[in-house]
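Number of protein chains: 2
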Amino acid sequence: MKLICSKENLMEGINIVQKAVSTKTTLPILEGILLEADDRLKMTGNDLEIGIECYVDADVKRKGSIVLNSKMLGDIVRRLPDAEVLLDVKENNSVVIECESSLFEIRGIASEGFPALPSLEKEDGIKISQKLIKDIIKQTIFAVSVDENRPILTGSLFEYKNGHLSIVSIDGYRLALRTVASEFAVQDRNIVIPGKTLNEISKIIQPVDEELTIYTTNNQILFDMGNCIMVSRLLEGEYLNYMGIIPKEHETKINVNTKELLACFERASLVITNDERRYPVKLDIKDDMMIITSNTEIGNAREEIRLEMDGKELEISFNPRYFIEALRVIENEAVSISFTSNIGPCIIRPLQGDAFVYLVLPIRK
Amino acid sequence: MKLICSKENLMEGINIVQKAVSTKTTLPILEGILLEADDRLKMTGNDLEIGIECYVDADVKRKGSIVLNSKMLGDIVRRLPDAEVLLDVKENNSVVIECESSLFEIRGIASEGFPALPSLEKEDGIKISQKLIKDIIKQTIFAVSVDENRPILTGSLFEYKNGHLSIVSIDGYRLALRTVASEFAVQDRNIVIPGKTLNEISKIIQPVDEELTIYTTNNQILFDMGNCIMVSRLLEGEYLNYMGIIPKEHETKINVNTKELLACFERASLVITNDERRYPVKLDIKDDMMIITSNTEIGNAREEIRLEMDGKELEISFNPRYFIEALRVIENEAVSISFTSNIGPCIIRPLQGDAFVYLVLPIRK
Chain V
6 MKLICSKENL
16 MEGINIVQKA
26 VSTKTTLPIL
36 EGILLEADDR
46 LKMTGNDLEI
56 GIECYVDADV
66 KRKGSIVLNS
76 KMLGDIVRRL
86 PDAEVLLDVK
96 ENNSVVIECE
106 SSLFEIRGIA
116 SEGFPALPSL
126 EKEDGIKISQ
136 KLIKDIIKQT
146 IFAVSVDENR
156 PILTGSLFEY
166 KNGHLSIVSI
176 DGYRLALRTV
186 ASEFAVQDRN
196 IVIPGKTLNE
206 ISKIIQPVDE
216 ELTIYTTNNQ
226 ILFDMGNCIM
236 VSRLLEGEYL
246 NYMGIIPKEH
256 ETKINVNTKE
266 LLACFERASL
276 VITNDERRYP
286 VKLDIKDDMM
296 IITSNTEIGN
306 AREEIRLEMD
316 GKELEISFNP
326 RYFIEALRVI
336 ENEAVSISFT
346 SNIGPCIIRP
356 LQGDAFVYLV
366 LPIRK
Chain D
6 MKLICSKENL
16 MEGINIVQKA
26 VSTKTTLPIL
36 EGILLEADDR
46 LKMTGNDLEI
56 GIECYVDADV
66 KRKGSIVLNS
76 KMLGDIVRRL
86 PDAEVLLDVK
96 ENNSVVIECE
106 SSLFEIRGIA
116 SEGFPALPSL
126 EKEDGIKISQ
136 KLIKDIIKQT
146 IFAVSVDENR
156 PILTGSLFEY
166 KNGHLSIVSI
176 DGYRLALRTV
186 ASEFAVQDRN
196 IVIPGKTLNE
206 ISKIIQPVDE
216 ELTIYTTNNQ
226 ILFDMGNCIM
236 VSRLLEGEYL
246 NYMGIIPKEH
256 ETKINVNTKE
266 LLACFERASL
276 VITNDERRYP
286 VKLDIKDDMM
296 IITSNTEIGN
306 AREEIRLEMD
316 GKELEISFNP
326 RYFIEALRVI
336 ENEAVSISFT
346 SNIGPCIIRP
356 LQGDAFVYLV
366 LPIRK
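Chains as they are written, first to last, in the working numbering: chain V, 6 to 370; chain D, 6 to 370.
It is possible that part of the hints are untrue.
Identical copies look the same in the list; a pair holds intra-copy or inter-copy alike.
[Claimed, not checked] No more than 27 Å apart at the CA atoms, straight line, and that leaves these computed lysine-lysine pairs for DSSO-like:
1) Lys-166 to Lys-253
2) Lys-127 to Lys-201
3) Lys-287 to Lys-95
4) Lys-29 to Lys-68
5) Lys-47 to Lys-139
6) Lys-317 to Lys-95
Calculated directly from the structure, the hints in this document are not laboratory data.
In this text the structure is predicted, and so the values were computed from the model without any measurement.
Generate the whole structure from the sequences, applying the supplied hints.
Okay, structure coming up:
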């Protein structure tokens, strides 16, 4: 393999595929990036859960392939001058990297042992703007469970039904649901994407209007961004019937400014250190006002916030973190919060429409 | 104690005195900030090595004092709205912090047990611009030794002689010397300031032309910044005779672009991981050119750089980190480097003048 490629293009490709390179492996080849030169340069990272493939423009002088340690390659290319870079594979898998008056020779690994990415049929894909998918991942991923005892909840449900895409995360104490209308008629489907995969794809995609296409099989998902694709396994099993969890009725409902409420919860939780279950914040709703109080060994906090209320007065206690994480990702200026009772779930919704639903269970005292 | 103070002023004071608050102590009072209200609010942090005192404008309603946990106070004030903050000490050292509709009550500690800062006579002070002192600390501190076996070298020598202030750090393998001319006639002195103190003072001072004044005694130093002072102990003992270490003669001398040389060293050291002594970089100087090579188990790097040379051809090896750390803090576009021999020290100087001297010992092979 011998090729010339701009430092900029090479660096961009490395930065993307590095996200799928394993950092905790005893197999040196999995710490590497597979470089394959044909008409362009194809770069691949694969940690056996997630694989990323990226095409980069290059002037290929001799076709071939090699695996180079991802960290070493990234460190070297990052520090090269902004100029053309020559990559030349010599005997014994030694690789020369040359750029202006800099010359490196580092050891590569034969590409034969590099695990191939699974191939998926590119049909019946869901097209969605990159900015939108990035946003909806951010708005739901924090409620993904980290408890390996219920593996299915360590992913998010992607449900495509009647032209609507719903994304749901549930960790047993709360639920995050985000729904978007899609313009494309594709087959209905239900898949569960690992939280790690969603984290990595949201780092790769840019907040731009350009679309990416999502293809799925029973056990694989492929995100197609044109020059780059990412492939991941899916979680197997039945996801919870989330619609059954969301209550239809309420006894108390408030409309409140999102940022103000967030600031109150953040301050009220300052006197709570580690043992959050033992020290919840208490909400006291009456007379178009909410008093938020917390009381720990360190001290007390008390916050007052004006709001519009409808229904009964209510006293209820929560883990403030669950509210804080939801309120931080809501872009709407104001939200509506419905309470069923002081022991039942509470629901955060937009004032109009059904773009999102956050459910939080209270702490019973 | 009862006072009203703007959130902004309070936060600024906390951020400064927090730098002297101990984080590794079993005495809760040393994790606190002493607040004393008289005509203004005085805040003090003291970890028994460094003490910082800061005055903040406040509307004092009732004089008094209290100690509050530094982290807790900082976390609370940071999240308050930009408005007036009321601090009110109640019975049992409980402290109310109130700002708009937020109210905190946290436990304070009686101020009697807080260690007082040592008092120094403010006379015969050295006045120096804050930007300049910040720069010269940055330009010498990296060569301070971390080896506790020679405690005197864990500080920097500040030598004031004949209107010149010289700052010297030596760690046994290299030396950093920075000299500035001062306009004020004060008494000559020789003090050794702990590296930790220099680190903290350089975080507090701003890169502005405004002057600070340095007062010293045999075993204490005081930095006076007007509204804030910082006091620290000094290191005791005789510092090395640094002038005796710097060679006067050379066999080879080069003039070279600072940034280009830095980039070459940075790239050449990429193939060197941990064991730097085993894998030095080799410099090969001849024909107005320097070839820098490194050769490790990971691979080889080779860099070429054009320069002006004078004297003999030379082959010499160095720990590249010592060059990199010096070249990074040199602001001059080009430097002059003199070599005595391939086993003697090498000296980096400005092309003109004597504002700095960096000495690096080679690695003998």
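Could you tell me which of the hints above the structure violates, numbers in ascending order?
-> 4 and 6
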